[in-house]
Amino acid sequence: MNLNARPIEKLDCFNAYIQNTIQKYFNNTALSDYNRESYTFGEIGYDIYKLHAGFKAIGIKAGDKIALLGKSSANWCKIYLATITYGAVIIPILPDFKPSDVHTIINHSESILLFSEESIYKTLNLNEMQAISMAIRMKDYTLLESKDEGISNKFINALDNFTKANPNGIKPKEIVFPKQNPDDLLVISYTSGTTGFSKGVMLPERSLRGNIDFARKNMTMYQGEQILSILPLAHAFGCTVEFLFPFTLGCHITFLARIPSPTIMIEAFEKVKPNLILAVPLIIEKIYTGKIKPILSKPFVKFILKIPILRKLFFNKIKSKLTKTLGGKFRELVIGGAPLNPETEKFLKKIHFPFTVGYGMTECGPLISYASWNTTVLHGSGKAVDEQTVRIDSPDPLNIAGEILLKGSHVMLGYYKNEEITKSVIDEDGWLHTGDIGVLDKKGNIIIHGRLKNMILSSSGQNIYPEEIESLLANYPLISESLVVDRKNKPVAILYPNQEYMQKHNIKKIDLHDKLEKIIKNVNENLPTYSQISNFEIKEDEFEKTPKRSIKRFKYQ
Numbered sequence: 348m349n350l351n352a353r354p355i356e357k358l359d360c361f362n363a364y365i366q367n368t369i370q371k372y373f374n375n376t377a378l379s380d381y382n383r384e385s386y387t388f389g390e391i392g393y394d395i396y397k398l399h400a401g402f403k404a405i406g407i408k409a410g411d412k413i414a415l416l417g418k419s420s421a422n423w424c425k426i427y428l429a430t431i432t433y434g435a436v437i438i439p440i441l442p443d444f445k446p447s448d449v450h451t452i453i454n455h456s457e458s459i460l461l462f463s464e465e466s467i468y469k470t471l472n473l474n475e476m477q478a479i480s481m482a483i484r485m486k487d488y489t490l491l492e493s494k495d496e497g498i499s500n501k502f503i504n505a506l507d508n509f510t511k512a513n514p515n516g517i518k519p520k521e522i523v524f525p526k527q528n529p530d531d532l533l534v535i536s537y538t539s540g541t542t543g544f545s546k547g548v549m550l551p552e553r554s555l556r557g558n559i560d561f562a563r564k565n566m567t568m569y570q571g572e573q574i575l576s577i578l579p580l581a582h583a584f585g586c587t588v589e590f591l592f593p594f595t596l597g598c599h600i601t602f603l604a605r606i607p608s609p610t611i612m613i614e615a616f617e618k619v620k621p622n623l624i625l626a627v628p629l630i631i632e633k634i635y636t637g638k639i640k641p642i643l644s645k646p647f648v649k650f651i652l653k654i655p656i657l658r659k660l661f662f663n664k665i666k667s668k669l670t671k672t673l674g675g676k677f678r679e680l681v682i683g684g685a686p687l688n689p690e691t692e693k694f695l696k697k698i699h700f701p702f703t704v705g706y707g708m709t710e711c712g713p714l715i716s717y718a719s720w721n722t723t724v725l726h727g728s729g730k731a732v733d734e735q736t737v738r739i740d741s742p743d744p745l746n747i748a749g750e751i752l753l754k755g756s757h758v759m760l761g762y763y764k765n766e767e768i769t770k771s772v773i774d775e776d777g778w779l780h781t782g783d784i785g786v787l788d789k790k791g792n793i794i795i796h797g798r799l800k801n802m803i804l805s806s807s808g809q810n811i812y813p814e815e816i817e818s819l820l821a822n823y824p825l826i827s828e829s830l831v832v833d834r835k836n837k838p839v840a841i842l843y844p845n846q847e848y849m850q851k852h853n854i855k856k857i858d859l860h861d862k863l864e865k866i867i868k869n870v871n872e873n874l875p876t877y878s879q880i881s882n883f884e885i886k887e888d889e890f891e892k893t894p895k896r897s898i899k900r901f902k903y904q
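Following this note's numbering, the numbering of the sequence shown begins with 348 at its first residue and continues without gaps.
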């Protein structure tokens with residue numbers, strides 16, 4: 348491996364990175380759908396220009412919004428890059444959002460064009476999407492449905508004409524994209540999709556470029572190497588670190604595009620042999636709890652671990668097997684998107700496994716802090732990344748936890764069409780209030796203690812807002828009060844039944860559990876999979892309240 352092959356120069360805008368990468372590695376393989384098609388950087392450039400021709404034909408202007416709905420794939424990336432390099436704004440939508448949530452996001456973002464997987468689009472209603480003129484099939488850019496035949500014909504004809512005019516493809520020197528300004532809006536990322544609570548995070552050019560700059564400089568990947576994308580690209584962590592960063596290095600990205608079951612993952616890691624692995628904690632925690640922990644609990648193993656020489660040999664064997672399970676070629680496993688279980692982290696440290704836990708949020712595109720695996724500290728999330736300043740809102744940041752505040756180029760412009768919430772998160776001095784609490788150690792490592800606000804972060808890295816779920820529970824007269832709390836990164840509902848309703852309808856205590864269970868099932872049908880209620884508890888008396896009659900949430904966390 349030639350370590351000098353890793354480019355670390357900084358370019359002046361996001362488009363310059365994409366342009367430079369396509370020109371430089373034109374004939375190299377860029378993107379692959381696992382066990383399916385592969386595409387060179389030149390072919391990516393060709394499709395970008397083809398889509399540009401379609402955008403121009405239907406009058407799309409700089410700043411117009413284009414929605415993208417589908418699982419991670421090479422074509423997802425082509426549409427994403429085509430939108431941004433054209434000057435439009437991309438609206439990536441998680442594929443497991445409910446249809447009503449998708450309609451809400453598309454309407455709130457004022458998207459005028461939708462690219463979608465056909466199977467997902469079948470659940471949608473074009474008439475419920477106010478500004479959308481037509482829906483295009485993500486797989487091959489053909490028409491799914493249109494409100495205006497004239498517009499859809501212009502788009503399809505433009506693609507056909509581009510193909511006819513370029514039968515032999517395009518040349519590297521033809522790849523030229525316009526320069527962008529640091530505060531140009533590139534992405535609106537929706538952190539939640541439930542009606543009435545959607546927040547569109549506006550990410551500017553400087554945020555995406557800053558994340559790419561830092562990753563290129565500090566994460567251990569080099570031109571031509573392999574990465575397996577297993578996280579959803581509509582999630583900031585997956586998009587930035589599994590797609591944009593390695594793409595600009597000239598790496599080969601393979602998209603799993605399936606539910607990452609242990610069997611499928613092991614097979615894919617063995618085939619792709621990635622040089623860097625990005626994962627949410629759930630993946631490594633499943634391996635630890637399912638494969639490693641049962642072994643550690645055996646009496647014979649417990650005996651071995653008491654003898655230093657045998658313990659070292661045993662740990663080396665487990666490390667070797669775990670490394671092989673993940674493909675055997677990676678230098679570092681970067682964990683992010685949610686907290687890592689402390690027990691799992693402690694064990695990985697014991698066996699000197701090359702992993703690190705980063706910290707970020709969608710509002711920063713996402714990187715806030717990072718440390719390489721050989722410098723990271725136990726329970727730490729690294730140091731603030733380049734050009735970002737972190738401080739703790741505490742009289743003693745070393746010892747007394749306070750809210751983690753951030754200022755720098757990665758920080759979002761704000762929440763789309765929601766100035767009030769933006770002002771509540773970014774203060775007058777420009778500090779972003781993360782909603783997390785923690786401390787800084789003497790070397791500047793961030794140690795996160797927990798959530799300051801109510802948001803639950805699932806093990807798969809998705810944001811869950813308890814108020815959204817509570818608003819659905821409030822629709823049932825049997826429930827007088829409810830509180831949704833975090834139990835091991837899963838939402839659990841604490842329910843106080845309506846005593847008058849029970850008396851009026853002659854509901855016995857013995858029947859209460861079954862009736863509430865049916866309510867939970869109904870509520871879950873209206874929630875994304877990751878935010879569904881995992882369990883519930885029945886409260887015998889009312890929740891303790893503040894003078895304003897709000898539930899004292901912290902009492903029940």
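Source of the hints: derived by calculation from the structure; they are not laboratory data.
Even glycine gets a Cβ: it sits at the ideal position worked out from N, Cα and C.
Some hints here could point you the wrong way.
[Said to hold, decoys possible] In silico DSS-like links for lysine-lysine, alpha-carbon gap of 25 Å or less:
(1) Lys754 - Lys800
(2) Lys403 - Lys501
(3) Lys564 - Lys371
(4) Lys754 - Lys697
(5) Lys511 - Lys469
(6) Lys486 - Lys408
(7) Lys526 - Lys357
(8) Lys800 - Lys851
[To be verified] The following label-pair restraints were derived from C-beta to C-beta distances:
(9) Lys664 - Ile857: 52 to 60 Å
(10) Leu725 - Ile747: 14 to 22 Å
(11) Ile747 - Lys564: 42 to 50 Å
(12) Ile613 - Lys855: 48 to 56 Å
(13) Ile857 - Ser447: 33 to 41 Å
(14) Thr876 - Ile698: 52 to 60 Å
(15) Asn765 - His852: 18 to 26 Å
(16) Thr736 - His796: 18 to 26 Å
Taking the Cβ atom of Ile747 and the Cβ atom of Lys564, is their distance within the range 42 to 50 Å? violated (33 Å)
Thr736 and His796, beta-carbon distance inside 18 to 26 Å? With Cβ atoms ~20 Å apart, the hint holds.
If you check the beta carbons of Leu725 and Ile747, does the distance land in 14 to 22 Å? Check passed, 20 Å falls within 14 to 22 Å.
Lys855 and Ile613 - C-beta distance against the hinted 48 to 56 Å: holds (50 Å)
Are the Cα positions of Lys511 and Lys469 separated by 25 Å at most? violated (31 Å)
Given the hint that Lys403 pairs with Lys501, test it: the Cα-Cα distance must not exceed 25 Å. holds (10 Å)
Do the Cβ positions of Thr876 and Ile698 conform to the proposed distance bound of 52 to 60 Å? At roughly 33 Å between Cβ atoms, Ile698 and Thr876 fall outside 52 to 60 Å, so the hint is violated.
Tell me if the straight-line CA distance from Lys564 to Lys371 falls inside 25 Å. Judged against 25 Å, a Cα distance of about 19 Å means the pair holds.
Quickly compare the C-alpha distance for Lys800 and Lys851 to 25 Å and report which way the hint goes. Since the Cα atoms of Lys800 and Lys851 sit roughly 37 Å apart, the hinted pair is violated (cutoff 25 Å).
Using the C-beta atoms of Asn765 and His852, is the stated range 18 to 26 Å upheld? violated (41 Å)
Does Lys357 sit within 25 Å of Lys526, going by the straight-line distance between their CA atoms? holds (14 Å)
C-beta pair Ile857, Ser447: status relative to the range 33 to 41 Å that was hinted: Roughly 36 Å apart at Cβ, these two residues keep to the hinted range, so it holds.
Consistency note: the structure conflicts with the earlier hints numbered 4, 5, 8, 11, 14 and 15.
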